[in-house]
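Here the structure of chain A is known, so what remains is to put chain B in place on it, guided by the hints.
One-letter residues, chain by chain:
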Amino acid sequence: MNKIWAITKKELASYFKSPVAYIILIITIAVFNMFFFIIIDSNQEATLRDVFKVMEFLFVFIVPLLTMKTFAEEKASGTMEFLMTTPTKNTEIVLGKYLGSLIFFTLIIALTSMYYFIIEFFGTPDRATALVGYLGVWLEGAMFIAIGLLISSLTRSQIVAAICSYTVLFLLYFSMSFIQYTQGAAEAVVRYVSTLSHAENFAVGLITTADLTYYLSSILFCLILTRISIENRLWR
Amino acid sequence: MIRTERLTKYFGSTQALKSVSFEIQKGEIVGFLGRNGAGKTTLMRVLTSYLPASSGTVMIDGIDVLKHSLAVRQKIGYLPENPPLYPNMTVRDYIRFAAQLKDVPAKRICAQVDKVLNECYLRNVARKPISTLSKGYQQRVGIAQAIVNDPQILILDEPTNGLDPVQIQRIRELIKNLEEERTVIISTHILSEIEQIAQRVLIIKDGEIVADDTLNNLLCDDQGWRQSLEEVFLRLNQ
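Chains as they are written, first to last, in my numbering: chain A, 1 to 236; chain B, 1001 to 1238.
Watch out, some of these pointers could steer you wrong.
[Stated by the list, open to error] Here are the simulated EDC-like cross-link-like pairs (lysine to aspartate or glutamate), alpha carbons at most 20 Å apart as the crow flies:
no., chain 1, residue 1, chain 2, residue 2
1, A, Lys-89, B, Asp-1103
2, A, Lys-9, B, Asp-1064
3, B, Lys-1075, B, Asp-1103
4, B, Lys-1128, A, Glu-11
5, B, Lys-1067, A, Glu-81
6, B, Lys-1075, A, Glu-11
7, B, Lys-1067, A, Glu-231
8, A, Lys-89, B, Asp-1064
[To be verified] To give an idea of the chain B side of the interface with chain A (calculated C-beta under 10 Å), a few residues:
no., residue
9, Ser-1019
10, Ala-1071
11, Ile-1076
12, Tyr-1094
13, Arg-1096
14, Gln-1100
15, Leu-1101
16, Gly-1136
17, Gly-1162
18, Asp-1164
19, Pro-1165
These are computed hints drawn from the structure, not numbers from a lab. Quick caveat: nothing in here was measured; it's all calculated off a predicted structure. Note that the Cβ used here is the ideal one computed from N, Cα and C, for glycine as well.
For reference, chain A alone in the conformation it holds in the complex (with noise of 0.2 Å):
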C-alpha cells in the first residue's frame, strides 16, 4: 500500500511540477465555464444534465493527454527498468500510476462543483440527481483513464500513445452512430460497447447495475491488461 502511494505521490508531482497540468487544468475549466454559461443561457433550466454531456464529450478530448505519458514516457527514458528492477509488485506500479492520473482527473471535477452551487444559488436543483450525474462523468472519466493507461503501456512514444487513445476512445464514445448499420447481436454489442447509452442514464440521475457493471468491469478489465502488458514487456 505504502508503494502504492509512492508511486501515486510520483505521479502527481509530476503532473504539477510541468507545465502541462497548469495548461490542462486552466484550458479545461475554461472551456467548461463557456459551456456552462451558454447551456445554462439557452436552457433557462435548474439543471446539469446537459453540462454533463458536454463534459463526457471533452473527457474523450482531454484524458489521452492525461495518460499518453504515464509509461510510454518512463520506457523512453529508461526509468521503467528502475521501478521493474525494484522489489515492486507490476499491480503496485499499475495501481500507483492509475491513482495518479485518476487524482488529478478528480481534482478537474471537483473544479466543475462550482456549477452545482451556482444553480443552487439562482434555482432549486434536484440535489441527488446532480450527484449521481457527477458519479456518471467521474466514471466515465475513470474508465478513459484505464484506457489510456493500458494504451500507454503498449508503446515507448507518448504520441502513440495519444494518438491510438484518441482512436480508441472516440469509437467508444461515437460507436452509437455506426447502430444503424449493424442488426441483432452486432447491435446489442455496439450498444453496450458505446459508452454514450452508458453516461446517458447517469446524466437524468438514474443509477442500474447494468452501467455500473459496465464502467468498473472494463476499468478493472484494463488494469489487469495492463499489467499483463507490463509483465510481458509487449512494448519490446
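The following block gives chain B in isolation, referenced to the frame of chain A:
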C-alpha cells in the same frame, strides 16, 4: 552468491546469450568485459530479473530469480547503463522514492537517504532538480539509488560511461569504499578501470564467456610472462 547455469537469451532469432555459466562468491568484485553488443547488458538484465532468460537458471543467494523475483530484487542494487532518473524530481525526493520502493522501513528512510547522499557526495545538490545536474552528478545519483537499501549485491552497468577523468576517479573510489561483504558486478569496456577495481574478470564475446579468471591469472601468459589486459582482451576478441 550468484550462480548461473547454461543461461541463454534469444531476441527473436538473434541469440544474445549462449549457455552462460559462472559462479560469483560473496564479497567478490567482478568485472564483465566485452565489446559493445557482446551481451553484457543483457546478462545484467537477466541477473536483475528485468529480462527473463530463454533457458537456464539464475540463483541469487540460493533463490531462483524467475520464481521469486521480488525476493531477489530486494537483495540487488542495480544501476542500468543510462541512470534511470526523473528529471523533474529533486535529488533527495528521488532517493527517498527509491528507498520507499525498495522496502526501507519508514522510520529509517530519512537516515538512509542522508547516508547515501553523503556517501555519494551529493549533499550540496540534494535540493536541486536532477535535470540541472551534470552527467557526473547524475551518474552518482544513479549509484545512490542503487545502494539506498544496502543491497548485498551491486550490479553496475558501465558506471563511468561518458565521465571525465576526475569524475571517473571519484566513482571508482566510491565503488571501492562501498562497504565490504558486498558482491559487486561492474560491466565496462574501459580496461584500465577493471584493472583498478576488479579482482576477477569475465570476458564476454558474442554472448559467450571466453575467459573467467582472477585478474592476476589472466595477466600471466602461458610462459608466465606478464601481459597487459588490453593484449588479453584484443587476443580473445580477434
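Run the distance test for Lys-1075 of chain B versus Glu-11 of chain A: straight-line Cα separation, threshold 20 Å. violated (26 Å)
Status of the Ile-1076 of chain B interface restraint (C-beta, 10 Å, chain A): holds (7 Å)
Proposed proximity, Asp-1064 of chain B with Lys-89 of chain A (alpha carbon, max 20 Å): holds (17 Å)
Are the Cα positions of Lys-1128 of chain B and Glu-11 of chain A separated by 20 Å at most? OK: Lys-1128 of chain B and Glu-11 of chain A at ~19 Å, within 20 Å.
A closest beta-carbon separation below 10 Å is what the hint needs, so does Pro-1165 of chain B meet it against chain A? violated (25 Å)
When the nearest CB of chain A is found for Gly-1162 of chain B, is that gap smaller than 10 Å? violated (14 Å)
For the hint on Asp-1164 of chain B, just tell me whether its beta-carbon gets within less than 10 Å of chain A. violated (22 Å)
20 Å Cα cutoff - pair Lys-89 of chain A, Asp-1103 of chain B: holds (12 Å)
For a C-alpha distance cap of 20 Å, please report whether Lys-1075 of chain B and Asp-1103 of chain B respect it. holds (11 Å)
For the hint on Ser-1019 of chain B, just tell me whether its beta-carbon gets within less than 10 Å of chain A. violated (23 Å)
Under the criterion of a CB-CB separation shorter than 10 Å, is Leu-1101 of chain B in contact with chain A as hinted? holds (4 Å)
Does the alpha-carbon distance linking Lys-1067 of chain B and Glu-81 of chain A stay inside the 20 Å limit? Holds, at about 19 Å.
The structure fails hints 2, 6, 9, 16, 17, 18, 19 (numbered hints given earlier, in ascending order).
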